Structure formats: structure tokens, C-alpha cells
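Keeping their order, the protein sequence lines are chains A and B.
Numbered by the working numbering, the letters in the first sequence go through residues 1 to 188 in order.
Numbered by the working numbering, the letters in the second sequence go through residues 1001 to 1238 in order.
No lab work stands behind these hints, which were simulated from the structure alone.
Because the structure is a prediction, the values reported are computed rather than measured.
What you were told as hints is all true, and nothing was included just to trick you.
Each pair of labels, with its calculated beta carbon distance range:
1) B:1061 - A:24: 22 to 30 Å
2) B:1135 - A:120: 35 to 43 Å
3) B:1084 - A:68: 31 to 39 Å
Derived lysine-lysine pairs resembling DSS-like cross-links, with alpha carbons at most 27 Å apart:
4) B:1107 - A:113
5) B:1078 - A:113
6) B:1107 - B:1078
All residues carry an ideal CB built from backbone N, CA and C; glycine is no exception.
One-letter residues, chain by chain:
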Amino acid sequence: MNRFPLILVLLVMAACRQDMHDQAKLEAYESSEFFADGRAVRPQVEGTVARGQLRLDDHLYRGLQDGAPAVDYPMTVDRAFLERGQSRYQIFCAICHDATGFGQGMAVQRGVKAPTSLHIDRLRESPPGYFFDVITNGYGSMYDYSDRIPVEDRWAITAYVKALQLSRHASIDDVPASERGSLEESLR
Amino acid sequence: MHLVHGVATTSESLGSPTFPKSMAQIFHPSLNTVSRATIFGAVFILGAAAFGWDSLLRSPYVTQVGVARDQPVPFSHKHHVGGLGMDCRYCHSYVEESSSAGMPSTKVCMTCHSMVWNDSEMLAPVRESYAEDRSIEWTRVHDLPDFAYFDHSIHISKGVSCTSCHGAVNEMPLMWREASLQMDWCLSCHRDPQKYIGPRDRVFDPDFHPFDLDLETRQALAEENRVESLINCSVCHR
Chain A
1 MNRFPLILVL
11 LVMAACRQDM
21 HDQAKLEAYE
31 SSEFFADGRA
41 VRPQVEGTVA
51 RGQLRLDDHL
61 YRGLQDGAPA
71 VDYPMTVDRA
81 FLERGQSRYQ
91 IFCAICHDAT
101 GFGQGMAVQR
111 GVKAPTSLHI
121 DRLRESPPGY
131 FFDVITNGYG
141 SMYDYSDRIP
151 VEDRWAITAY
161 VKALQLSRHA
171 SIDDVPASER
181 GSLEESLR
Chain B
1001 MHLVHGVATT
1011 SESLGSPTFP
1021 KSMAQIFHPS
1031 LNTVSRATIF
1041 GAVFILGAAA
1051 FGWDSLLRSP
1061 YVTQVGVARD
1071 QPVPFSHKHH
1081 VGGLGMDCRY
1091 CHSYVEESSS
1101 AGMPSTKVCM
1111 TCHSMVWNDS
1121 EMLAPVRESY
1131 AEDRSIEWTR
1141 VHDLPDFAYF
1151 DHSIHISKGV
1161 SCTSCHGAVN
1171 EMPLMWREAS
1181 LQMDWCLSCH
1191 RDPQKYIGPR
1201 DRVFDPDFHP
1211 FDLDLETRQA
1221 LAEENRVESL
1231 INCSVCHR
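Looking at chain B on its own, in the form it has when it is part of the complex:
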């Protein structure tokens, strides 16, 4: 890069290079310093930009972690799980057998809500859905990319608690995402699953998190449940 040092205003005072008289200086002298700083600083500026971009991709703005999502009916896990003590499987009935945990039909809601809160305006969409056999369009909170394969049942049977991925749903009035669901998050457990395993009979306990146990207990459970590190690409991308 070449810069013209702009003190000379006439061709007489400088031997060479020569400029026509009419040519005024274009840049202020201070730009010399700025330019040097910029060439040197580019490394840091690019570094900062990369860091900023990475932070953005991991921020709740992109990952939606901790962002409560609006729903057509403001269903509260805090009330149903935390308050009433309902088991996850009352509504997510297929979580032990299938890849999808199962979303309850409005018939499941109406099992109780034909009797309680049965004239509530808030639940009108539920009653209409049940009466007219139309689905409620819930806002999906957990959605993996279509090129990632995931199966709930195998995680459950290996002793991965609901709370390990979904957080304390019994404290969530509206549902939000507890984990980013990004690949490095999946791998954090798949590389070293022994740390995240709990006893099978506490998988559905909303007050339990594997970290409540000491590491040796978790490792023993992992051995008992035959949990192995699975980091082959084709485990999830098949």
C-alpha cells in the first residue's frame, strides 16, 4: 500500500515526485497514524468480528435458549408438573417407545378440562379443537435440523433425565429451550456421556438432575446401563 505524505502543496518545494499546483492534499496527515493502526489492528478487528459472529450464533437471539415462546393456549408446565405433580408420560405417552415423545391430542387436555376450567375463555381453542377435530397449531420449542436424527426412547432407557436436556420444566410457566440444541451441545454429552447418566427410575423426576449425584455414582450407572461414547458422524447424520 502506498500513501502520499501530504505536506507538500507546491511542486517547487519538493523535487520529486511532482504534482500539479492545483492538486490539494486529499488526506489529513493524521490518517498516516490511523492507517498504520488499521493495518496492525486488522488482525484484532477480524478477530473481534469472528468472536462477535460466534457469540451471536450462540446467543439466545439465535438459539432461543431461555426465551419463553407464545402459544395459542398459554399451557403451563409449572402448574401441571410442578403444582399438580403430573408425570411427563401422562401427556408425552410415547417417549419410552418412540423417537418422538408424543404431543397430547386435545382429548388428553379434555380428560380433565371437560370438568375443570371448562368455561374458561383461555381454553376455548382446546374445546373447539376437540369438538371440531382440528389441530391446535402450537409453536414448536424444540426443533432439531432435519439432517439430525434423534430418538427419545434410547436416551430414556440409558438413564438420561428429562431435565438434562429440557431443564426444570416444573418451573416453566411457558415453555422455553434450556439447551441450544447445537451440535457442540449434543457432542458435549456424546463425547463423555458417563457424566450425565442418572438412575433409570428417576429419569422422569422433574426435581432430579444427574449432577445431584457424585461422579463415581454416575459412572457406575453408566456402566450398568452400558452407556458408551458415540461420536461417529453417522450416529446422528444418517
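So that you can see chain A by itself, here it is in the shape it has in the complex:
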């Protein structure tokens, strides 16, 4: 008797099990019955430092120079860096601070407490390290963004905020003589 069809059917049915789809390994954000908090994602053990996470540099990681808010940037600020800052600002900041920094973003229009305009004198005079600190640790009702924005990006946003401030207080004298003609042309 030919058992081939029967074997084929059994083989096909065997493939219907889900064990291979949902393996015993844990994926990101999966729940786990093994750990007390029910999470597969594990927090770093308290009091330990992972390789590459030693953060001794006060300037880079805390925005401090000699214990005061840093005046300089811990990296080179160039066009690419500012553009990175612009894109991160638009992702994380513009929703409240709005694209120009006056603090009338969409979330504010829907009831979030309006942030201070970035163009007031106090903030225009604040050094970069101050903004880095606000992004890292929060300020007033603004939560900290240290878990969402990596250190380098926080500096990039800082540089872009500084550029935004300059843009609102610039005169034609700040434009290089060679560029003035085309600027005046574009305003016409």
C-alpha cells in the first residue's frame, strides 16, 4: 500500500506548528515571565559601567567647563553639524518650541504650557553649555531628553538653537559683502 500521500499530509500538518515563529529567545520589548518586572529588555545593573560608557569628560557629557556652563563646543561646528542639529530640533523640539523658536508649536496650541521664547535676552546671552544642560536634565515643565537624544545630537541642537537666535538678531552688516547683493535681490 502506498503510504506516500499520508506521509505528505502529516508533513504538511507538522509545518503548521508555531514553535519556529515564536521561539524561546526574547525579542526587544517582548514580555518575559522569567524576570520579576515582566520585561525582556533589561536595565543596566546599578552601579556598573558598560564598556564605552565611561563618562568622565565634564565638557562633553555635562556641558561644563571648569564647573560653569560651557562656552565652547566639545567638537567642531560646521555646516553638516548644524544641519544635523536642525533635523534633530525639528524632530524633538519644534513640536513645542516651533520651527522658529518662539514657543508656539503645535503641542502648545493644544494645551501644553508655552515654553519661553528662545529669543529673549537671558537665553541669547546663555552659553551653549546651558542649553546642553536643559536638554539633558530638563527645565521647569520640560522633561529631560537624555534617553531620546544622544550626547552629540544634543550639542548639535544647541548649535542650531544658537544659530536660530542669531538669525533673529542679524543685520545686513553680518552678511559678507560678497553675499549682500544676492540677498537684497531675493528680498525684492
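Since the structure of chain A is provided, determine the placement of chain B on it from the hints.
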């Protein structure tokens, strides 16, 4: 297969084969036609069954395409992305660097919802989660089989839009699956990726789909981003 034609009721009227008188006919004569039809029709019946099974496996009943999933908190992408214009990366912050796009912690929700809708019953689980450091158990909408490897970051950096796979999330009140996530769907792009590539700076634009561009533009972008067809088994099954 042998069938007894059942007109004879007595052994006298038929020479051979012979049956005892007591044996009445078992099948109605019409079954002769049915049986012939069945032997012939089996091909079609098996074909139809195979087609039906295949259709079932590709139907929303199995793939969950277009089926909005209930969630412990009815989070609306339509409101947050479509209405407020939030960038995908505000919440899915690691999508450019890691395999998982990153699910926001409830701290991210509370960044705004400590100030707006902060006494809403609907958001009570969010506040409790944040206060007590307990995770909300969301219903997963997109889940690949564990034997398939997938990395968001490489797709993003090659110019595959969020909408290419996730659809217009800015129009989804509750999240649903836009694509089946079945292997033939993956391969439809992996075989011929040039068709599905858009500009890198519009990857996160919820109103953009690569098909908005003509084919030549997409092919040029694919060349620029060095996009190649990747259909080796070990690309995904590693």
C-alpha cells in the same frame, strides 16, 4: 473502482454475477452519474481546495492586514502624526540606528500628557505606568517570525519610506497592518527594490509614497543610494 449497476433485483433476470434474492440495491442509479462526475471533478475540487486554502492564508483573517487592533490605551497615530504633525522619530527614536524602531516609554507620553489630557480616564494606564515603573502591555501589530532577521536602520538609510511598509499611519486611528509581512511580500521588493526607493529626506514624510515619483526617478535614487536586489536566503534567515 467498481460499481454494481443496480437494476437487477433477482438472480433469475441476470445471468452473472448472481446475487441472493434478499440483497436489495444499495445505491440509487443516479449515483452512477455522480460518481463519474466526482472522478472527473476531483481535479477541480482539489484545485478549488488548494486555491481556497491559499486564499485563506493570504486573507486578513490570517495576515491581519487592515484589521485595527485593540490596545490598552487607544493611541491614535491619526491624531499625533496627522493632526499634530509629530515626526515618527519623536517616539520611535532609534529607528535610524537599530534593528528595532524603538517603542516609546510612558515617559515620552508624559512629556506632553503631564500637561494635556492629564486627568483623562483614558490615559490612566499611562500615568500609572509612569508612576509605578510598570510597562504597558501593548498589542503587537507588526511581528515577524523569529526565524526572519529584520533591521529598520538599513531600510531607512537606503531610502525605503515608512509608508512603503506601514502605510499612511497618519490616517490610522488605531494601528493596523498595511502589509502581510509574508515572505512573498518581502521578496516583492527584495527582488526588484529599485521600484520602491524614495529620496532619503522624505523617508519620514507620512504623506509621501515612492509611487508618487516616476519610475526613472526612483531608479536613479536607487543607484545613488546603492540599492541592490538581495534575495540570498541568508540575508534574512541567518
